[in-house]
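Engineer: Required output: the full structure, derived from the provided sequences and hints.
Residue numbers (our numbering), protein chains in the order written: chain D, 1 to 394; chain X, 1 to 394; chain S, 1 to 253; chain F, 1 to 253.
Be aware that one or more of the hints could be misleading.
Listed next, the in silico DSSO-like pairs over lysine-lysine satisfying Cα-Cα at most 30 Å (straight line) [what the hints assert, rightly or not]:
| # | chain 1 | residue 1 | chain 2 | residue 2 |
| --- | --- | --- | --- | --- |
| 1 | X | Lys45 | D | Lys227 |
| 2 | D | Lys255 | D | Lys324 |
| 3 | D | Lys132 | X | Lys393 |
| 4 | D | Lys153 | X | Lys143 |
Treat the hints as calculated values from the structure; they're not laboratory data.
As a plain string of letters, each chain reads:
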Amino acid sequence: MKTHNVDSKGFYGEFGGAFIPEMLYPNVEELRNNYLKISSSKSFKNEFNKLLKDYVGRPTPLYFAKRLSEKYNTKIYLKREDLCHTGAHKINNTIGQILLAKKLGKKRIIAETGAGQHGVATATVCALMGIKCIIYMGEVDIKRQAPNVARMKMLGAEVRPATSGSKTLKDATNEAIRDWINNPVNTHYIIGSVVGPHPYPDMVARFQSVIGEETINQLQEIENKSKPDYVIACVGGGSNAAGLFYPFLDNFDVKIICVEAAGKGIDTGESAATSILGKTGIIHGSKTLLMQSNDGQITEPYSISAGLDYPGIGPMHANLFKSKRGEFISITDIDAMKWGLILSQTEGIIPAIETSHAFAVLDKKKFKPNDIIVFNCSGRGDKDLDTYIEYFKL
Amino acid sequence: MKTHNVDSKGFYGEFGGAFIPEMLYPNVEELRNNYLKISSSKSFKNEFNKLLKDYVGRPTPLYFAKRLSEKYNTKIYLKREDLCHTGAHKINNTIGQILLAKKLGKKRIIAETGAGQHGVATATVCALMGIKCIIYMGEVDIKRQAPNVARMKMLGAEVRPATSGSKTLKDATNEAIRDWINNPVNTHYIIGSVVGPHPYPDMVARFQSVIGEETINQLQEIENKSKPDYVIACVGGGSNAAGLFYPFLDNFDVKIICVEAAGKGIDTGESAATSILGKTGIIHGSKTLLMQSNDGQITEPYSISAGLDYPGIGPMHANLFKSKRGEFISITDIDAMKWGLILSQTEGIIPAIETSHAFAVLDKKKFKPNDIIVFNCSGRGDKDLDTYIEYFKL
Amino acid sequence: MNRINETFINKKNILSIYFTAGFPKLQDTMSIIKELDKSGVDMIEIGLPFSDPLADGPTIQESSTIALSNGMNTNILFDQIKDLRSITELPVIIMGYLNPMIQFGIEEFCLKCKECQIDGLIIPDLPVDIYHDQYQSIFKKYNLHNMFLITPQTSEERIRFIDEVSEAFIYMVSSFSTTGAQKIFGDETINYFKRINKMNLKAPLLVGFGISNQETCRVASDNSDGVIIGSAYINCLKSSGIKATKKFIEGLR
Amino acid sequence: MNRINETFINKKNILSIYFTAGFPKLQDTMSIIKELDKSGVDMIEIGLPFSDPLADGPTIQESSTIALSNGMNTNILFDQIKDLRSITELPVIIMGYLNPMIQFGIEEFCLKCKECQIDGLIIPDLPVDIYHDQYQSIFKKYNLHNMFLITPQTSEERIRFIDEVSEAFIYMVSSFSTTGAQKIFGDETINYFKRINKMNLKAPLLVGFGISNQETCRVASDNSDGVIIGSAYINCLKSSGIKATKKFIEGLR
Ligand SMILES: Cc1ncc(COP(=O)(O)O)c(C=O)c1O
Ligand SMILES: Cc1ncc(COP(=O)(O)O)c(C=O)c1O
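Structural biologist: If you want it as structure tokens, here you go:
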């Protein structure tokens, strides 16, 4: 059976790899040589699991959404990553990477951020460990996501504006990579999703896989079943999805649904539905699906949700799409916003707008009464309040 | 041995009771007759515990703050109520009360809120249960706490401005009580702290006592001891403190420290240090310590933290003060703000400003290297970002 | 037996008027009492303003806020009414919340009331049980009657207890509500009046909360020993001043 | 053997100049090449602009952004340089990122290069291993040499491998850094140059990244077979235009 996990060369089918400038080779090579060894060591695992428990607040609940289930006549569970410290799944990964960076003797951390969630999660673990932290963030996003910028600063991180290109996530990533090129020895780059050169996609997926692993145990306890019928998650880069899907990748009884941001609509030119609008190419060191001009210039995606407007998707997801292992559904701004309100008023959970996209699948697809559906509730909506307020004129 | 818990008449020593207008008598009486019976029933407990686990995300971690402990050469633990759904301990109580309200057949919920945390926690559980929710909030606070107002509206609650008096928490409470007087049959009033007429202080303390109970289990597991040397919490009305202290009230090996907001300083006239500045009196149906003029008019307290500027403290705390069972320390705005930054940059946790007050005790008191100190990390700082930003010019 | 009891013996369809001391002006207290006396009311309630009058509706609340900012306080009030009996022989009651009284000292407060020849007190946040256990003996010493409220929700058992403790009259709250003027009473309210009347309580009943005009006055009086009017009179003082008192009272009869 | 190899056989202290196609104006490509040829440079690198040039510093990045907004793309570039050999016999290299080439089609891209008589490619995000496994045979077919970078961090083993795969020269990145002009080289950089020189590689070495003036040119040339200049020339074009080329080049020698 063909696996949907990474192969020994860092590829998922035809996607993945490490298409990096030579200047990055030593850094990436050091990681590639060490990430599995270190992260599977007993001492690392102990420390990682202890922090996930005592600091992040894991396990996050698997919450049966009673009123929503009744409304849609199916069994809906929410994996509550919104309850993680800092408010989203992002911190699972940053905890893993900061421990790795420490074992590698790194003294300085850099990261890119779009919505600011990953920046906050990175600044947080750097404060926790007392390590210097620099966050690259597009100048436009700095203005859009003021509360998260303030959080990073409270946490002692330096936020550096990316002023090139469209001044958003993609450009912040470029700047972070440039910084890494210029500081190859003492610096670790904490990438925030399952993107970038191998071993990042695999490494991040592994750190996030605790989401799926916990889901198995919790379903066993609640439903006396070890697998759901559906796992559903939004996909920006794809890390929260990868984390939930991880243990089920090669288990075909479990249907996988990836939810992308359609923005103002697939055909409007303002969209972030990479699987539909993208073609195979290279972005940030990885071969994957990405949105680009005919000419191969990377185009700026659009979504109301800052965490989903990345022009690529991780290579794991590109492969899930290509192989049809995963079903890809895209959701417009309008439907996502509507679902932000529905989840708030039906279950008392205000989701991140990224997360809202996933739930909108309930209006797009019919489920059976006995289907067990696990949604990854990837983050809370506090960071998006301004957007919600303005949108709904609250 | 004299207990520091409530007596059969609803008093803690000389404090407490139910000094309420006759119009409220049936409502309060209904509660008094039912709260223990219902909340100790097996079905209630099951439902309550299940929601605390699957919805709120309990148990919250007891986190050993390594860097802070090293800095202060003592053993510092944080009870992570900031990780609760909605971001503070407040929801433990609202979950309990909404279940109680349902068992009592109530169809409409009202609540008061100052900082908005309790309002959000109430709006949340109402959305969860599909019950109509009205939140009273001072007109001044509505302006100061815009994000929490937006959250309540997202959750489907109606936010009604209290326009009387100083237009803050005290007045919102008055308005809520008036609403209850006018709607005695179908409405339950969810009070947000261990204040108000008996049985509220005891009821809220019991719902919050899960904080202390978990702490015992967690200390047992981590330190192989069932009790800390110190329990420390900020006191606005006193609910997070009551929750942490509850199992230790009559265990004199455990030292209790209550931290009040000194505002701009005890002697400045802009303070909320009730134990120092207050005298015995009646506020919102309870006999307790409260800040008042010589004439018995209730005065408006001041603190930079909206959750601590209540002119009274709960009767349990008034009694802890009077009997000297608890040590009361008051912390100025300046020191609290400083500690918001210290905790952020030392442990990667941005606390609510209320919570920051508690930590400032570390500069006021010397602890021994082997002392086990449990701080109640009552809430996260997201709601206070604007204040932090402005204060630190971030 | 004091002035209140005598009034219920001697008069029918009692009209008791409430006003907030210190409103509209700090020094209006005695003028208002004089006007009320002249206008033929049967009983007067002086409101001692409180910062947090949670049993009161917006009208009385606002008048309290203004009175306080005018500088009214307990000492000033007692000072203003020390010669009360030079201007009226009507029964006079102080209505106020418990906290200012506690701060003044309960015994001290009662003594002052006695000196001013006040006849009784209404303290909405002093429940009958606590009164009975802790305060009754003190009040008795100074010949002060304390009045209690009942509402449509008050149980029969509790009404009987209140009746037993009451020395003058029972304040029958017209509806589920804080104070405030209403235009008419609904069937439910009238049925409640009837239900209470059938209980044959020993204490007389005055209906309060929501009485605002001839119509509500009449219906209330038909079902009780009279009425208490507060918010409507405060509104009158606010819009037309003390001089309008007589006309306001006449409009109610 | 192609023009690049011949140059290294026939010349010393090679000066290779990079410019971004489409900058400052869309149609400047051939004029710049002519000027460079006239000014006596030894080799020319045409940058195919890319939206996300992550190995480049701010200067080249900005020039790329402007070039793209001027409308430059792969087709236009090939069209502009179809008569390349009518104006220069210098070796000409295209420097570009992998993605635009993949979209054009790698084989197609190589074919076009051949038609335009391009001599080689520098593709910073095409690692040597992947080149070796997947691309080398195609490039060979069209007589295109591919150049690789080494940095102070590149291991000896890897340098040997790169040397083996290299058909023309090795691009020795002067420091830990993206492209961008520097004023002088520190000791660390010079030691690194010396270390690499001692390895006696078969491929010649050009130093690039950070060469900006006579001083850095001289130090780099002393320790290698010559230099590649990019950002400094882009800055010259930006501030003084194409006409300033000759003076700029003379200033470096
Ligand atoms: C709450 C939340 N969900 C999802 C995402 C998308 O990222 P990913 O696809 O890597 O999970 C983000 C990114 O910021 C996020 O904040
Ligand atoms: C985070 C937090 N801590 C503490 C408090 C103070 O309330 P209490 O004293 O009832 O715990 C509040 C009130 O809003 C709060 O939000």
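Engineer: State for each hint whether it applies.
Structural biologist: Results for each hint:
The straight-line distance between the Cα atoms of Lys45/X and Lys227/D is roughly 29 Å, inside the 30 Å bound, and the hint therefore holds. A threshold of 30 Å between alpha carbons decides the hint, and for Lys255/D with Lys324/D the separation of about 11 Å falls inside it, so the pair holds. This hinted pair checks out: Lys132/D and Lys393/X have alpha carbons roughly 21 Å apart, not beyond 30 Å. Pair hint Lys153/D plus Lys143/X holds up; C-alpha atoms about 25 Å apart against a cutoff of 30 Å.
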